[in-house]
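6 protein chains.
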Amino acid sequence: MIPAGASVESMTHVPDINSPEEQTRYERGLAVLAAVDGGSAPAVMENLADIAPALAHHVVAFGFGDIYARPGLDPKQRQLVTLGILTALGGCEPQLEVHVRTSLNVGLTTTEIVEALTHAAGYCGFPKALNAIFVAKKVFAERGLLPVG
Amino acid sequence: MIPAGASVESMTHVPDINSPEEQTRYERGLAVLAAVDGGSAPAVMENLADIAPALAHHVVAFGFGDIYARPGLDPKQRQLVTLGILTALGGCEPQLEVHVRTSLNVGLTTTEIVEALTHAAGYCGFPKALNAIFVAKKVFAERGLLPVG
Amino acid sequence: MIPAGASVESMTHVPDINSPEEQTRYERGLAVLAAVDGGSAPAVMENLADIAPALAHHVVAFGFGDIYARPGLDPKQRQLVTLGILTALGGCEPQLEVHVRTSLNVGLTTTEIVEALTHAAGYCGFPKALNAIFVAKKVFAERGLLPVG
Amino acid sequence: MIPAGASVESMTHVPDINSPEEQTRYERGLAVLAAVDGGSAPAVMENLADIAPALAHHVVAFGFGDIYARPGLDPKQRQLVTLGILTALGGCEPQLEVHVRTSLNVGLTTTEIVEALTHAAGYCGFPKALNAIFVAKKVFAERGLLPVG
Amino acid sequence: MIPAGASVESMTHVPDINSPEEQTRYERGLAVLAAVDGGSAPAVMENLADIAPALAHHVVAFGFGDIYARPGLDPKQRQLVTLGILTALGGCEPQLEVHVRTSLNVGLTTTEIVEALTHAAGYCGFPKALNAIFVAKKVFAERGLLPVG
Amino acid sequence: MIPAGASVESMTHVPDINSPEEQTRYERGLAVLAAVDGGSAPAVMENLADIAPALAHHVVAFGFGDIYARPGLDPKQRQLVTLGILTALGGCEPQLEVHVRTSLNVGLTTTEIVEALTHAAGYCGFPKALNAIFVAKKVFAERGLLPVG
Numbered sequence: 081m082i083p084a085g086a087s088v089e090s091m092t093h094v095p096d097i098n099s100p101e102e103q104t105r106y107e108r109g110l111a112v113l114a115a116v117d118g119g120s121a122p123a124v125m126e127n128l129a130d131i132a133p134a135l136a137h138h139v140v141a142f143g144f145g146d147i148y149a150r151p152g153l154d155p156k157q158r159q160l161v162t163l164g165i166l167t168a169l170g171g172c173e174p175q176l177e178v179h180v181r182t183s184l185n186v187g188l189t190t191t192e193i194v195e196a197l198t199h200a201a202g203y204c205g206f207p208k209a210l211n212a213i214f215v216a217k218k219v220f221a222e223r224g225l226l227p228v229g
Numbered sequence: 081m082i083p084a085g086a087s088v089e090s091m092t093h094v095p096d097i098n099s100p101e102e103q104t105r106y107e108r109g110l111a112v113l114a115a116v117d118g119g120s121a122p123a124v125m126e127n128l129a130d131i132a133p134a135l136a137h138h139v140v141a142f143g144f145g146d147i148y149a150r151p152g153l154d155p156k157q158r159q160l161v162t163l164g165i166l167t168a169l170g171g172c173e174p175q176l177e178v179h180v181r182t183s184l185n186v187g188l189t190t191t192e193i194v195e196a197l198t199h200a201a202g203y204c205g206f207p208k209a210l211n212a213i214f215v216a217k218k219v220f221a222e223r224g225l226l227p228v229g
Numbered sequence: 081m082i083p084a085g086a087s088v089e090s091m092t093h094v095p096d097i098n099s100p101e102e103q104t105r106y107e108r109g110l111a112v113l114a115a116v117d118g119g120s121a122p123a124v125m126e127n128l129a130d131i132a133p134a135l136a137h138h139v140v141a142f143g144f145g146d147i148y149a150r151p152g153l154d155p156k157q158r159q160l161v162t163l164g165i166l167t168a169l170g171g172c173e174p175q176l177e178v179h180v181r182t183s184l185n186v187g188l189t190t191t192e193i194v195e196a197l198t199h200a201a202g203y204c205g206f207p208k209a210l211n212a213i214f215v216a217k218k219v220f221a222e223r224g225l226l227p228v229g
Numbered sequence: 081m082i083p084a085g086a087s088v089e090s091m092t093h094v095p096d097i098n099s100p101e102e103q104t105r106y107e108r109g110l111a112v113l114a115a116v117d118g119g120s121a122p123a124v125m126e127n128l129a130d131i132a133p134a135l136a137h138h139v140v141a142f143g144f145g146d147i148y149a150r151p152g153l154d155p156k157q158r159q160l161v162t163l164g165i166l167t168a169l170g171g172c173e174p175q176l177e178v179h180v181r182t183s184l185n186v187g188l189t190t191t192e193i194v195e196a197l198t199h200a201a202g203y204c205g206f207p208k209a210l211n212a213i214f215v216a217k218k219v220f221a222e223r224g225l226l227p228v229g
Numbered sequence: 081m082i083p084a085g086a087s088v089e090s091m092t093h094v095p096d097i098n099s100p101e102e103q104t105r106y107e108r109g110l111a112v113l114a115a116v117d118g119g120s121a122p123a124v125m126e127n128l129a130d131i132a133p134a135l136a137h138h139v140v141a142f143g144f145g146d147i148y149a150r151p152g153l154d155p156k157q158r159q160l161v162t163l164g165i166l167t168a169l170g171g172c173e174p175q176l177e178v179h180v181r182t183s184l185n186v187g188l189t190t191t192e193i194v195e196a197l198t199h200a201a202g203y204c205g206f207p208k209a210l211n212a213i214f215v216a217k218k219v220f221a222e223r224g225l226l227p228v229g
Numbered sequence: 081m082i083p084a085g086a087s088v089e090s091m092t093h094v095p096d097i098n099s100p101e102e103q104t105r106y107e108r109g110l111a112v113l114a115a116v117d118g119g120s121a122p123a124v125m126e127n128l129a130d131i132a133p134a135l136a137h138h139v140v141a142f143g144f145g146d147i148y149a150r151p152g153l154d155p156k157q158r159q160l161v162t163l164g165i166l167t168a169l170g171g172c173e174p175q176l177e178v179h180v181r182t183s184l185n186v187g188l189t190t191t192e193i194v195e196a197l198t199h200a201a202g203y204c205g206f207p208k209a210l211n212a213i214f215v216a217k218k219v220f221a222e223r224g225l226l227p228v229g
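Chains as they are written, first to last, in the working numbering: chain A, 81 to 229; chain B, 81 to 229; chain C, 81 to 229; chain D, 81 to 229; chain E, 81 to 229; chain F, 81 to 229.
The shape of chain A in the complex, shown without the other chains:
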């Protein structure tokens, strides 16, 4: 049992995110991110540099290096799961915007994206589905992909 007030750190070694082993993990995640994201995520990550560099590190090293790159689902399948989650959570429009872009980058069509968000209406209601579709519309407009179908 740890003494009250003590840091768990005192009993273990937490590797610095700048250590060689963590930099290797980070680079691995960054390669995945670059492959699927097409360039918008780095700006988000840079925005974290002066406040939460460890959070930025773990988004990349864990989220993309450890999880996203795993076999078992291809990127299009992962994006369908992610679109479902972000639509259901609500209030995650900035992340949904990034992931609509990523969905296009990995090969989901605008029709598939719209269909996923329309499908969501039955499971989490029209309001959240509408919020998500208007995020998709913004991204599609930027890329000259409107009208859909």
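Don't read these hints as lab results, they were simulated from the structure.
Beta carbons are placed, not taken as given, at the ideal position from N, Cα and C, and that holds for glycine.
Treat the hints with care, as some may be off.
Partial pick of chain E residues on the chain D-facing surface, computed with a CB cut under 7 Å [what the hints assert, rightly or not]:
1) Y106
2) V124
3) A149
4) R150
Cβ pair distances, simulated, as ranges [unchecked claim]:
5) B:D130 / E:E126: 33 to 43 Å
6) E:D96 / D:A129: 24 to 34 Å
7) B:G229 / A:A114: 46 to 56 Å
8) D:K218 / A:P100: 55 to 65 Å
9) E:A114 / B:P227: 57 to 67 Å
10) C:Q103 / A:P174: 32 to 42 Å
11) E:D96 / D:N127: 53 to 63 Å
Chain A is already provided as a structure; the job is to place chains B, C, D, E and F on it using the hints.
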């Protein structure tokens, strides 16, 4: 503007769910449901018969007949979106159980289902991912699909 | 069981939203919407025309034609339920704004709306209740309905 | 500014929940609760006695004495808002059960309750609406109120 | 049992929020709020004056006077719980902004706040943690507290 | 850009969770978990062995090894954040049970835990606070810690 206290019904015709047109919609949804569900949903629907037959009707007629059967996404893709939504919502374990069964029925492998729920951990946190994985485990055990991989 | 990769569509007939039967359903929903909404929803629906016309169709045909117009609750009662749901969900401020307008249109007083959102504080906490009340304030201000009471 | 580590308590007087003024507030809430609840809530409150008597006190004194008893909405209206909130939150089945009973006690009919939960499907999705309807079914069954309609 | 349509008010006395006893409760809460908030909350409360003065009253009288000032947790501990709740709820960025300021006011360091939000990523996912960290960044920037660490 | 249908894996190396480097990360997390958990988590992790060993690995390696062990917050502070998050999410009672035990293990008193959950009522409502307090009551009862205070 409608007078206070008046039902909107007074101004429009709401078709009875037993009308021929609604029965046609219902039959269409039931065919989809039978194709993807493999038999567990009807029991849920029957459970609604003595309390909310209209809700049961619309789950089938709208949810499956109008939405699920649409082109644009195949059933495996729809299930990936649905697994993401139900994991993120939380507290929907009964529906998740139905949809893990449906996911297997439409051809998602146990590995793909597990991978989708593992992927979810990064987007809605470990607790909800763990709740979902234990629902999947129950279904997989019933079908003799453990261990996975 | 459907073959992997196949669309459920291949086994069933999904009516086009432009078919006569679906147009009838849509017109019915539109009549309800016009009666309760007072004119703000059509703009939202038009915004969907170039990206998700089917979602717009079903919001109207299902949400208003099939559900809202049902007997059992009058529009004022439906709006109280809706205000409760949208406040609790969070992140649905655009829809809440539409529904505060609708609530006024169907005859809820500003006092009743404020009281519903104040009541919500005990059930979903002050932060969500405050978010909702500031949406209501915006609508009331537009209509010259401040101060309340 | 308060010194780090200091309790705000040091700067103010927090009335004991057993003080005469707080007992007066509590009694007022208890009278409201008794009028609307029909007897199930006290058991919940007693269950809190050995762990969180202050929480029990405030549920009664604030939730019922300060909020529920306010003018502006009658109890049936308050219950419609509450049913909407608890359905949307999810995971609050024990509280929803109490509030379905309360809804019946204050005069909502089984049809109105079912209609409210059916209405909810469009705003927070079928899964949460189904969870809520099965809670209502349990309460209706206990009271011999099935089938509905 | 209360008659349908009757207000519970008819059976009980709801004290006016301007009554001496309620003003005493309000003043108590205001003293707590002033001690921990450092001045931003009053503007929010004033914003409620012309629409929901009772909600503003209860935020102060109940939220701060009855709950926040209780012994058992010091303000820094209360803020850690609050940061966790607001991050998890999502969509409560305005309240989170107030509570990041309050957290600094009661003595949490920028490092502790960032660490709490980084910790949250594992429990409610990266998207909500990122939303929260960007709220913190805005507050830290206003106070000249960047870079952190 | 990755070809449609391709796994990101094809472009990068995902370390097997049984690799030496991942086992080192896992052992580090396990040491933290053992220090704070007091023995209940391993059973949860074992339950994942035949379905999602990678998820179990990352809960330990990332959640405890990378995040929990970080300096900046001591374990009692981390538990306060976690209690807030799990109470607000709802539907995470199994995880909340684990974390009430962990909270006691790292030195939070029963009074502090109860106070955190009572505090939560104002921010996410009474229903979720009540759900959480009854989880705490179960754990306290098992450990002979009732009545509190």
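Q. Checking against the hints above, which ones are violated?
A. Violated hints: 1, 2, 5, 7, 11; rest satisfied.
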